[in-house]
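Participant: Listed below are the residues making up each chain.
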Amino acid sequence: MNRWKKLTELLSVADLHNTTTGTHDEGGITLVNHWQRGVPVYREPVITRPLLFFAALAALGLGLALVRFLSPLGPFSGMNDAYAWGIWKTFNVMTLTALGSGALAVGVAAWVFNRQKLHVVMRTALVTGFLFYATGLLALGFDVGRAWNFWHVLLPWHWNTHSAMLEVAVCMPLYCAVFLAFENLPLLLERLYYTGGDATRATLRGAAPFLRGIYPFMITGAYVLPLMHQSSLGGLLLLGGDKIHPLWQSVLLPLLYLLAAGVAGLGFVTFLLLIACLRYARPLSLDVLGELGTVLSWVCFVFLAVRFGDLAWRRQLGAAFALDKMSVLFLFETALILVPAVVLRSRAARETPRTLLNMATLACLGGLAYRFIPTTIAFNPGRQASYFPNLPEVLMALGYIALAVVAFGLAVKYFAVLPAETAEWNYMFRRLRRGRPAAA
Amino acid sequence: MNAGITRRQALLGIVGLGGTVATAVAAPAAAVEHPAHPEAPPDAVAMLYDNTICTGCKACMPACNDANGLPPDTSLSAGLWHMPLDLNAKTKNIIKLYQEPQGPGFAFVKRQCMHCLDPACVTACPFGALEKNRWGAVTWTGSRCIGCRYCEVACPFEVPKFEWDQWNPKIVKCEFCFDQRLKQNQQPACCAVCPTGAVIFGTRVDLLAKAKERIAVTPGKYFEDRVYGEHEAGGTQVLYLSSVPFDKIGLPKLGSTSLGYYATKVTSVIYKWLSGPILVAGLLGAVIKRNWDRHEAERPDREKETGLKDQL
Numbered sequence: 001m002n003r004w005k006k007l008t009e010l011l012s013v014a015d016l017h018n019t020t021t022g023t024h025d026e027g028g029i030t031l032v033n034h035w036q037r038g039v040p041v042y043r044e045p046v047i048t049r050p051l052l053f054f055a056a057l058a059a060l061g062l063g064l065a066l067v068r069f070l071s072p073l074g075p076f077s078g079m080n081d082a083y084a085w086g087i088w089k090t091f092n093v094m095t096l097t098a099l100g101s102g103a104l105a106v107g108v109a110a111w112v113f114n115r116q117k118l119h120v121v122m123r124t125a126l127v128t129g130f131l132f133y134a135t136g137l138l139a140l141g142f143d144v145g146r147a148w149n150f151w152h153v154l155l156p157w158h159w160n161t162h163s164a165m166l167e168v169a170v171c172m173p174l175y176c177a178v179f180l181a182f183e184n185l186p187l188l189l190e191r192l193y194y195t196g197g198d199a200t201r202a203t204l205r206g207a208a209p210f211l212r213g214i215y216p217f218m219i220t221g222a223y224v225l226p227l228m229h230q231s232s233l234g235g236l237l238l239l240g241g242d243k244i245h246p247l248w249q250s251v252l253l254p255l256l257y258l259l260a261a262g263v264a265g266l267g268f269v270t271f272l273l274l275i276a277c278l279r280y281a282r283p284l285s286l287d288v289l290g291e292l293g294t295v296l297s298w299v300c301f302v303f304l305a306v307r308f309g310d311l312a313w314r315r316q317l318g319a320a321f322a323l324d325k326m327s328v329l330f331l332f333e334t335a336l337i338l339v340p341a342v343v344l345r346s347r348a349a350r351e352t353p354r355t356l357l358n359m360a361t362l363a364c365l366g367g368l369a370y371r372f373i374p375t376t377i378a379f380n381p382g383r384q385a386s387y388f389p390n391l392p393e394v395l396m397a398l399g400y401i402a403l404a405v406v407a408f409g410l411a412v413k414y415f416a417v418l419p420a421e422t423a424e425w426n427y428m429f430r431r432l433r434r435g436r437p438a439a440a
Numbered sequence: 001m002n003a004g005i006t007r008r009q010a011l012l013g014i015v016g017l018g019g020t021v022a023t024a025v026a027a028p029a030a031a032v033e034h035p036a037h038p039e040a041p042p043d044a045v046a047m048l049y050d051n052t053i054c055t056g057c058k059a060c061m062p063a064c065n066d067a068n069g070l071p072p073d074t075s076l077s078a079g080l081w082h083m084p085l086d087l088n089a090k091t092k093n094i095i096k097l098y099q100e101p102q103g104p105g106f107a108f109v110k111r112q113c114m115h116c117l118d119p120a121c122v123t124a125c126p127f128g129a130l131e132k133n134r135w136g137a138v139t140w141t142g143s144r145c146i147g148c149r150y151c152e153v154a155c156p157f158e159v160p161k162f163e164w165d166q167w168n169p170k171i172v173k174c175e176f177c178f179d180q181r182l183k184q185n186q187q188p189a190c191c192a193v194c195p196t197g198a199v200i201f202g203t204r205v206d207l208l209a210k211a212k213e214r215i216a217v218t219p220g221k222y223f224e225d226r227v228y229g230e231h232e233a234g235g236t237q238v239l240y241l242s243s244v245p246f247d248k249i250g251l252p253k254l255g256s257t258s259l260g261y262y263a264t265k266v267t268s269v270i271y272k273w274l275s276g277p278i279l280v281a282g283l284l285g286a287v288i289k290r291n292w293d294r295h296e297a298e299r300p301d302r303e304k305e306t307g308l309k310d311q312l
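So the protein sequences, as listed, match chains A and F.
Residue numbering for the first sequence follows this note's numbering, beginning at 1 and increasing consecutively.
Residue numbering for the second sequence follows this note's numbering, beginning at 1 and increasing consecutively.
None of these hints come from the bench; they were simulated from the model.
SDA-like cross-link-like pairs, simulated, lysine to any residue; straight-line CA separation at most 25 Å: (1) F:Lys253 <-> A:Ala385; (2) A:Lys325 <-> A:Arg315; (3) F:Lys170 <-> A:Gln384; (4) F:Lys210 <-> F:Gln187; (5) F:Lys212 <-> F:Ala40; (6) F:Lys253 <-> A:Arg315; (7) F:Lys90 <-> A:Ala147; (8) F:Lys272 <-> F:Pro38; (9) F:Lys309 <-> A:Val112; (10) F:Lys272 <-> A:Leu174; (11) F:Lys309 <-> A:Asn114.
Some residues of chain F that are not near chain A, with every Cβ distance over 10 Å (derived): (12) Glu39; (13) Met83; (14) Leu97; (15) Arg181; (16) Gln187; (17) Pro195; (18) Ser256; (19) Ser275.
We put the CB at the ideal spot given by N, CA and C, even for glycine.
Only chain A is shown next, with the shape it has when bound in the complex (with noise of 0.2 Å):
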């Protein structure tokens, strides 16, 4: 409660004084900007109370998780054979990845289409998008019945090609311990350089040109994979066919899935710096979140027309606004997409951090509901069947998350994540270098 009144008060006072945005001189170019590289979170003990508490959360997850795979999947979840996938695939994995898409949607943008300005939270996205999917394979381990026999997945000549599965598990697996493992190991290397001692830092400056060699290959590899996986858990749902309601059953259900990966993805990413410079009193950069503010705001209404053009090529546009339950699922979910895109549009909410934030929120809270809906809500294996997930079942998925709090927590302070001035990081060096002989 507390550090919520502290939140919103220091969200009062970005937004009152707006001290936050760049300095601009009378061309308008700005001089200071606040983001300029990934600063540890230096000046906050490592180990505090949340911390802590995530940290018990993820014990009881993971140990019920271990429990759980010396015993059948029964006592451990809700689910039945009317339906058999419960929140560990529909949540932790098929919703929750669409968070970590951030390292996805923000690298396109950043890379692809040269939006300069989003390399700076570049380490943020590919932070937490490590950590949704690390997270989220880890509740497939344990969700499947008979995870020994996953090695067919070595063999290319035991899989089943047609199936959107065998992507999702070639595909989600190769990316998070290859690509996003590259993409997020210059964290670590620098870490090393800067505390390692000559040798370290002589293997290091050797390895540096193949890393920064093999760079481009490797992100056009790190894009092109979740482009594949993130459309093909939409794809999963296809051969759901009538059991899903024909407001989201669609065969553009792949490409929609992907987009609200987009939306999710972007949104969450925002929301994270912000709330995340906020707590640890680091100055915002207006500049670079309203960047990410636009760019949102323009897949935001990408997918509402593709999923209005998808409504009305199947004639379901009568259906979508017939007000009954479904419809009414169907307007809430496209409302916390759509206020985002519109409001967004505007420089004055983009520059303003309040505005900011719920819009962000309100986009994460859409994608996750595009993707989460189809696989439950509006699943209906037409039996007298019902699912709801269980104690065991929902402490599990809530330790996963609670994990990827703790790393995500660790990493701030250890390693150069979370943007700041150039200034800061030189102080911390001033800081920790006191009383210890300078390094060359």
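Fit chain F to the given chain A structure using the hints.
Facilitator: Below, chain F without anything else, positioned relative to chain A:
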């Protein structure tokens, strides 16, 4: 200079890897297709169930459990006899009763796997644990199954069941007695044991003709004067004749297009020879390389300005 060579090597590596994967993917991809309305091969076997003949004796149920080595489901009979409510992990075959809400009318229905001509479960199964076997029987191979349960989500007839109470869970579904009887030139246990001939075994061509003959002999006797399974979901190898509407006895209303066709009609084009991903990789790669080179060219300036190493 060094960087140039490593880049070229990396590019070659990526192309080489892509080619290997593409070949591996393309080989099985060429083997199976998903036509919208698949044709049954001439040797496809089938079952024809006629609920105007079935007396509901349920002889087929223990016969099925016997042939498949399944334990009886006694949860509703105080441990006495096999008494399942529906298809489940101990029941691959069941006789159910439909009673009209008002009036004396009733009808039986026999449920088991429909052995679709283009089964959604087979399309769904990532490592080919479920496959369309000889004579069209849809069978399950445990060593290939990771227990993802996508088959349960995909099957429009809600047939595959999962052993939720087993540490080493199996997918349980009718396999046409493939290993147990078909391979020994014997008909499935349920058809062999049926005392009235309500369910009979034969080739799909023969049984479809026989069903249509029954309809022709007594028009109006059967619902809509048609055979369920001739076209449903692209056609199935279990055929039904019913005196009451099909949806009353739990057979869902389905289109005549196979689900496999619907689910793969776009992706089969995009992923053909991995051409879509390779094309996108080429396009993105070219743009990224250009932007990257610019970014690198500006790097010395940035590093000079701040006196710090550039961050990636």
